[in-house]
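**Q** The hints should help you fit chains B and C onto chain A, whose structure is shown.
These protein sequence lines map, in sequence, to chains A, B and C. Last residue of the first sequence: number 290 in the numbering used here, and the count goes up by one each step with no gaps. Last residue of the second sequence: number 545 in the numbering used here, and the count goes up by one each step with no gaps. Last residue of the third sequence: number 871 in the numbering used here, and the count goes up by one each step with no gaps.
Simulated from the structure, these hints should not be mistaken for lab results. Being a predicted model, the structure only gives us computed values, none of them experimental. Note that the Cβ used here is the ideal one computed from N, Cα and C, for glycine as well. Each hint should be verified, as a subset may be incorrect.
[What the hints assert, rightly or not] Which residues of chain B face chain A? A few of them, derived with a C-beta cut under 10 angstroms, are:
hint	residue
1	Y393
2	N399
3	I400
[To be verified] With a straight-line cut-off of 25 angstroms between C-alpha atoms, the simulated BS3-like cross-links for lysine-lysine are:
hint	chain 1	residue 1	chain 2	residue 2
4	A	K163	B	K418
5	A	K265	C	K662
6	A	K163	B	K436
7	A	K165	B	K418
8	A	K95	B	K365
9	C	K825	A	K216
[To be verified] Residues from chain A shown here face chain C by an in silico Cβ test under 10 angstroms; the list is partial:
hint	residue
10	V85
11	V98
12	M100
13	P217
14	F228
15	A266
16	F270
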Amino acid sequence: MPFMEFVNFYLMPGIVLGSIYALGAVGITLVFGILRFAHLAHGDLATLGAFAALGVVTIFGVSPWVALPVAMIFCAFMAIGIDKVFYDYLSERPKIIVVMSSLGIALMLRALVQVIWGVDTETYTRGIVRPENYWGIRIRDREIYTIIAMFAIVGVLWVFLQKTKWGKAMRAMSDNPDLALLSGVDNRKVTMLTWAIVGILCAASGFFLGINTELKPLMGWTMLLPMFAATILGGVGRVEGAVVGGLIVGIVEETSVLLIPGEYKAAMAFAILLLILLVRPTGLLKGKVL
Amino acid sequence: MSQSVIEQSVAENIELPGYSGKPILTMTGVRGGYGDADILQGVDMQVSEQEIVVIVGPNGAGKSTAMKAIFGLLKVRGGSIVVNGTNIAGWKPNRIVQHGVCYVPQVDNIFREMTIHENLEMGAFLRKGDISDSLERVYTLFPDLKERRSTLAGNLSGGQRQMVAMGRALMLNPSLLLLDEPTAGLSPKYMEQIFEITRNLRDAGLSILLVEQHAKQALAFADKGYVLAAGSNRHEGTGQELLADREVAEMFLGG
Amino acid sequence: MELIGLLNYAVFMAIFIGIYSLLALGLNIQWGFSGLFNAGIAGFFAVGAYSSAIVTAPESSVHLGGFQMPVVVGWIAAMIAAGLIAWPIGKVCLRFRSDYLAIATIGVAEIIRLIVKSEGWLTGGARGINKVPRPFGDLSYLYSQLAYLALVIAIVFAVYWAIERQISAPWGRMMRGIRDNEDAATAMGKDIKARRLEAFIFGAAIMGLGGALFAHFNRSITPEAIDPMIATFLIWIMLILGGSGNNRGALLGVAVVWIIWSASEFLTDQLPTEYAIQAKYMRVFVIGLLLQLVLRFRPEGILPEPQGVSSRTETKTFQKQESAAK
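In isolation and in its complexed conformation, chain A is listed as follows (with noise of 0.2 angstroms):
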């Protein structure tokens, strides 16, 4: 096979669903790492903010970008009130209560999303866009922005967690709780900010999954297992893992395609999965174990 073909076909798409799958795995590790269980409704939470967006486009007839600031807001708020009114109840419980419940909340959140949109796929604009050539290259405008997007996106993440007060807070909360409250950290805020930013990121990453392709109930649900692989790969509580976990994840899924039947695509994340933690349960980026 041509390199270039390799290049069009295989790893250009591979890098755009791992930017999707990217954005989604840091907000799971950030849950994973500050908040200290697995946050199963994470994908449908990504459902309801591509929906929430494409809400947003049919009411006001704005473009999709338009509509995705708003979803990210509306999924942080979505977060931090799912925190208030059910996991927060939870806390004094084992952590595994919580993951419980948040398997719940996926049930919920999708079918929140089919009481309201139905069970039909959904596109935000129609048409073909063709992909154009750069110096060889094929790739579409929307698949340019997907990838700046995430990279974007997560630079202002870090610049934030590196920089300021809050953000090293989280940072700390991650390392040593217990050493984080003696110091002061107020435990509620650190957790509010966490679900705010968890809520942008799902937004993110549905939306760009929606754009690229269509808007389905289940199309959250789907990158669930993708966007934990991508977490453990990376190393749980490590953005940087998070990012390169997930464009391997996206990069193995796409390129799959040359050795075994297109169906199990979907089953490589569950291989990384499993592989990861069997030799190295501590991820790339020497990530925490639960």
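**A** Only chains B and C this time, still in chain A's reference frame:
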């Protein structure tokens, strides 16, 4: 409410014979523990201004527990803990920190994935405005840390980690510092260094409550010592008195 | 006529409650007694259903088959197959906190769904496996249903008895010890990994048996019969509502939730058809909400785990106070 006021005034009026200086911490009849069982069965202690007070005793005597009780990390079911004239029993740790008490736990006392500098910044989390004066003070106390300020704390040696932990606790300029076995697992060189810093801190005006396994060395420079056993006071006296006490020596100092 | 219809419906419901009971008992071994989070119940159910169907169904041009083994052999095959799937997953994931098992079991269910859909030579693809023999299938409709119900009840009781026996044996005490205090159990030198793996496989095998009973009852198994999320979730809410760690609670939870679920379907069927989709998913939403309410207001379920056999409450209060201290 009224009861705690009474306890408070009682506690303030206690004058232990032979010791001078304004009391910073006064514990009276403190009982408490994890779960339903009381580990502390009535502990009395006093730390005065510019004093190093050492708690010694056998394993399981409740030394660390007493310290955690002061810092609000376990349920206090009886007695009073008066710091700077206010009963802080039952307060949450973040409030206690703001009241001028800082605590260095025995283990997990640093942020491993943050730099030395960030660890110190986290120590000053509750402070608003400029913290450069405290940073400067801590770096003067621990010159080693200044050189390696951008190193991740998890990559340091045990002794340096302990310095980061103490430095973090000093960032809020506390009036009382609680150190839980700061020398555990350290080489003799680092142990001596930590003890020296502790003495310097006292000389600079700080009151320090110290739990120590190295009882002999610690009592040698302590202004006062308490021997705890089975969750209550067994002996007390100046460091020298305890070192000279035959029973104490036989029981806890290994002859 | 009306009475016969009602009786038929009642028997039909009872058979389903019996099948769900097996799944709930299987989950109770994993979660209730051992603290293992299985979010892929539907996967083990499917493996059992398809294994038993393949082993017992007549020759077909569509899927693997023609072995025509007795139904009992099919059921044993179902248990073995589900257990065999559980083994490697447990082997990899049980070293970690149960969060990892939850994710991995979601993955297992997903992969099994993929295989069922894609490997037509094995499973008949979308058409599934038909002509699965049904015990007492030659009798007239009502008697056949009643006979199958009796069979299901007998199996549920046998499984119930086997679990109760196992749980009151040293094995069960050890499991609860591990669940309630892993550190202490390790300190006592118990081989935790092996015990937890046993519980995970044991539970999965029972779920597989539940799948087999379902396939033989329906005389067929198709991919549509397995909605991974809803099936898994219903079992969870049944166990939690009934009382995890208590087999009788699990059975009660199955009956209560299945009746609520079916009654709500009956209600939504009365709605005009244009609301059909909304109504269907409102039911799902409500069942999700029910879990949240149970977790918050009655986490021990209707029939809590009996006290005395367990130190769980003690551990809980301890944890509570510790976190309160923080």
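**Q** Which of the numbered hints above does this structure break?
**A** Violated hints: none at all, because every hint is consistent with the structure.
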